[in-house]
Amino acid sequence: MKSATEETGGAAAPLLSVRDLCVTYRSDAGPVTALDRLSFDLRAGETLSIVGESGSGKSAASLAVMGLLPRNAVAEGSVRFRGQELLDLPDREMRAVRGRRIAMVFQDALAALNPMMTVGAQLAEAVSVHDPSVSRAELRERAVELLDLVGIPDPRTRAGQYPHELSGGMRQRVMIATGIANEPDVLIADEPTTALDVTVQAQVLDVLARVQDRTKSAILLITHDLGVVAGLADRVLVLYCGQKMEEAPVEPLFYQPAHPYTRGLLAALPRIDRGTRRLAQIAGQPPSPTNRPTGCPFRNRCPHAEDQCAESPRPVPVGDGHITACLRAREIASVTP
Amino acid sequence: MTQPTALPAPPPPVSVPPTAPGDPRISRVVLSRFLRHRLAVASLIVLVLLAVCCFGAAWIAPYPRNAQNLLEASQPPSGTHWLGTDSIGRDYLSEMFYAGQLSLAIGLGVALLATLVGTAAGAVAGYLGGWPDEVIMRVADLFLIVPPVAVLAVSLQGLGPSPLTIVVVLSGLGWTLIARVVRSRVIQLRHQEFVEAARVIGASGPRIVVRHLLPNLTGLIVVNVSLSVAMAIILESTVSFLGYGVQPPKSSWGNMLTQAAGLIGTSQSYLLYVPGLAILVTVLAVNFLGDGLRDALDPRGRQR
Amino acid sequence: MTRYALRRLLASVPVVCVASFILFWAVRATFDPLAKLRQSVDPTGLRRETVRLGLDRSLPEQYLLWVKGFVQGDWGTSTRTGGTVLPMVGDALGTTLQLVLWGVALAVVLALAIGLYSAARQYSAGDHVLTGLSYLGVAMPAFWFGLVLIQVLAVWPKQQFGLADPPLYFVGLHSVGHGGFDLDYLRHLVLPVVTLTVGLVASWSRFGRATLLEALSSDYVRTARAKGVPRRRILLRHALRNALAPFVTVVAMDTAALVGGLVVTEQIYSIPGMGKLFLASLETGDVFVLLPWMFVVAVAVILFNLLADLSYALLDPRVALR
Chain W
1 MKSATEETGG AAAPLLSVRD LCVTYRSDAG PVTALDRLSF DLRAGETLSI VGESGSGKSA
61 ASLAVMGLLP RNAVAEGSVR FRGQELLDLP DREMRAVRGR RIAMVFQDAL AALNPMMTVG
121 AQLAEAVSVH DPSVSRAELR ERAVELLDLV GIPDPRTRAG QYPHELSGGM RQRVMIATGI
181 ANEPDVLIAD EPTTALDVTV QAQVLDVLAR VQDRTKSAIL LITHDLGVVA GLADRVLVLY
241 CGQKMEEAPV EPLFYQPAHP YTRGLLAALP RIDRGTRRLA QIAGQPPSPT NRPTGCPFRN
301 RCPHAEDQCA ESPRPVPVGD GHITACLRAR EIASVTP
Chain P
1001 MTQPTALPAP PPPVSVPPTA PGDPRISRVV LSRFLRHRLA VASLIVLVLL AVCCFGAAWI
1061 APYPRNAQNL LEASQPPSGT HWLGTDSIGR DYLSEMFYAG QLSLAIGLGV ALLATLVGTA
1121 AGAVAGYLGG WPDEVIMRVA DLFLIVPPVA VLAVSLQGLG PSPLTIVVVL SGLGWTLIAR
1181 VVRSRVIQLR HQEFVEAARV IGASGPRIVV RHLLPNLTGL IVVNVSLSVA MAIILESTVS
1241 FLGYGVQPPK SSWGNMLTQA AGLIGTSQSY LLYVPGLAIL VTVLAVNFLG DGLRDALDPR
1301 GRQR
Chain G
2001 MTRYALRRLL ASVPVVCVAS FILFWAVRAT FDPLAKLRQS VDPTGLRRET VRLGLDRSLP
2061 EQYLLWVKGF VQGDWGTSTR TGGTVLPMVG DALGTTLQLV LWGVALAVVL ALAIGLYSAA
2121 RQYSAGDHVL TGLSYLGVAM PAFWFGLVLI QVLAVWPKQQ FGLADPPLYF VGLHSVGHGG
2181 FDLDYLRHLV LPVVTLTVGL VASWSRFGRA TLLEALSSDY VRTARAKGVP RRRILLRHAL
2241 RNALAPFVTV VAMDTAALVG GLVVTEQIYS IPGMGKLFLA SLETGDVFVL LPWMFVVAVA
2301 VILFNLLADL SYALLDPRVA LR
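In the order they appear, the protein sequences are chains W, P and G.
In terms of my numbering, the first sequence opens at residue 1 and continues consecutively.
In terms of my numbering, the second sequence opens at residue 1001 and continues consecutively.
In terms of my numbering, the third sequence opens at residue 2001 and continues consecutively.
Just chain W, same shape as in the assembly (with noise of 0.2 Å):
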């Protein structure tokens, strides 16, 4: 199954590979712009995570490359999935990719799952739309295994039942279990544990991991949560207004962190080491989305804004897999924040 992989090059040839993916929403103040210029790569295997917070674009990006935006917007640039361009393909062909080839879970599962539909038929038919050949005894079985995988006590049982019979964790346990039925090569996890307290949320992590472990799926996790972040994600990429300001393996983003955006973020963060001083704060709002200034979109709120910073940002290396997109990163470096 992963022949394709090392015909194209070996691990080091992105699976998915986004070029300059812009999103356009009509709105009825004018087009708002969801995601400008994003570019990415994500390897076979590898965990990239997607930070920002509500309104950066995150999600846009998760749907452009599902090909499930809704009608009022559209996306242009480039998403390659093993070479493949998905975002021109006719539907029908995108539809054999989604869900077989690269899967989603979405956040709120109670809301994602059908509720007239039994917890198992959901997993059954996530099978069957890709494979027809597989007889209904057959399905029945592949459904309670998927759900045993996931870590769903009495899975027999549970197949049975619809969603809202379920707790808010298993029915996000149940929300990855369709997301892998198909042992996809990218599985999209939309903040997978943004609805869920906060004990159940490191179990639902926790499947994650172990998930990926089994199917060796390379995992796009999008998430406000650093947290969640700090635990899964081999990288990271920051995304704020829909540009991406920061892209790093997760040691160094979290330890050097060079964009003034992201060190503000970690330096918002609570910490047991520095005793129980005021958390600090971004100063500041970004800035309207119908209305992006030119140039660095954080430079209204950022502590180290020159006039350069009114020109467009371009991205700068700074360390082994570590870009920025600011442009006074080696200056600013050597500033404690």
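With the Cβ distance kept under 8 Å, some of the chain W side facing chain G (calculated, not the full set):
#, residue
1, 100
2, 104
3, 106
4, 111
5, 112
6, 114
7, 115
8, 129
9, 162
10, 178
Source of the hints: derived by calculation from the structure; they are not laboratory data.
Where a beta carbon is used, it is the ideal one built from N, C-alpha and C, also for glycine.
Given chain W, work out where chains P and G should sit, using these hints.
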């Protein structure tokens, strides 16, 4: 190095009073949203034209009310009588205008009265809850059980079919609908923060209803007025057609159709189309107008 | 489920009692059941009838007497025809239910087809045309539509082509000498059924379209698309399945209103159903028919509403009846 913690999470939805009438900016938005609804604007023009023709019939209609000329009875359309004449020699176009007066007036009257009663009952039931709610809603339930045409016919038989009683009886039927809708919206609003806040700072019950709740119901109420106009015009014409509503020599579009029904199969069967089309166009225009108003005033209130 | 149904039925008993008392009072206040006798020259007849019908007692007493008779199946005699009321109402109900059955069946099929088409192809030319037609259908006064149908589909072709019979009949449900289900019945059925169907198709298809569109924009449909489920299956297995419960509820509740609400259709097409019976009785002040009429209609409405709730619970696993 870090404890699992979160970026600023999406802010919880803040409850603001959804509409603040009187704010000039809001009214401009409402107006522009309405004007964008081309069908609604066209419908408004049609309705204004109809109203001018009907209520200005004394000046506009080519012939006076009920002017009979038996020598010119049952004529086909011509230059002197655009829509021809009926069997007792009245100009059909003039008849249409005068009949429209009554049809439109009843429709409007019912809508206003029913909305007034319905809003009051619904607001009281929704705000107070408890036994007043029970009583009002059980009474409203009673009206669900018996078909409206039957209630109308019985009560008009009993009370006599003057236009005023028609309005009262039709409103008696129509208020339940509005009461239900208003009640459920009031219950919804009652638990929102801005109402709770008003209660916390010590605003009195009636003041909360009038100052905080009613303004938020404007969209709902306006839309319901248009819906009840449509319903009232259809019911009035139906009951008049059956012979229990407006009685000759007064005419409405409904009882004009009673006479026209007798002309089916004759050379004058075309007279059937005119009053019916008038009703259809009016109701259609009122519905479109209602849709436009709803989209403009109450964009989230899209219901069935 | 059965227990729920029984409880609901029991709970509606007081409503029916109050409603029927008000009706009893209203009808008695409006009509004099002995109006005919008052004109007769024999004064003993009036007194005899007054005592026989219990009219000398108080109104609540009369009501109780009437209810007692009603429950025992003694619904009295019609002052209009002199016949017993029970079979009269029974026949009329049977006739009306035929219309309701055909009309609702046709309307459900058409409305679902239109709703599915419009929802699947939102904002297409076809959707716009169908939506426009549904606006027309909702605004159409049923009695006028019926009259136009008679003129255009029955009378005009007959005159134009010199036929002995109109292609579609517009009086009653059977020609003399015919009965049962035959071509004659169908030729009678078309016009009234179309008349009563137009409004239903219009409003049900709009409702269906709206609920289907709501379902199609939901998160679970997005999940289904993310799984790679084909459009057709999404529409039928996911959207329609979710829209079905509210749709069936609306259908059941609107059907309830038809049992006593076909007054106009039956009047225009001279069909001896509940509506026609109501008008004939009202004209002559036939209290002993009007009261059971109202009763039967009220019970039908309550039953259909119960049916609406039960079907909702049956179709939506989240609803538990207790």
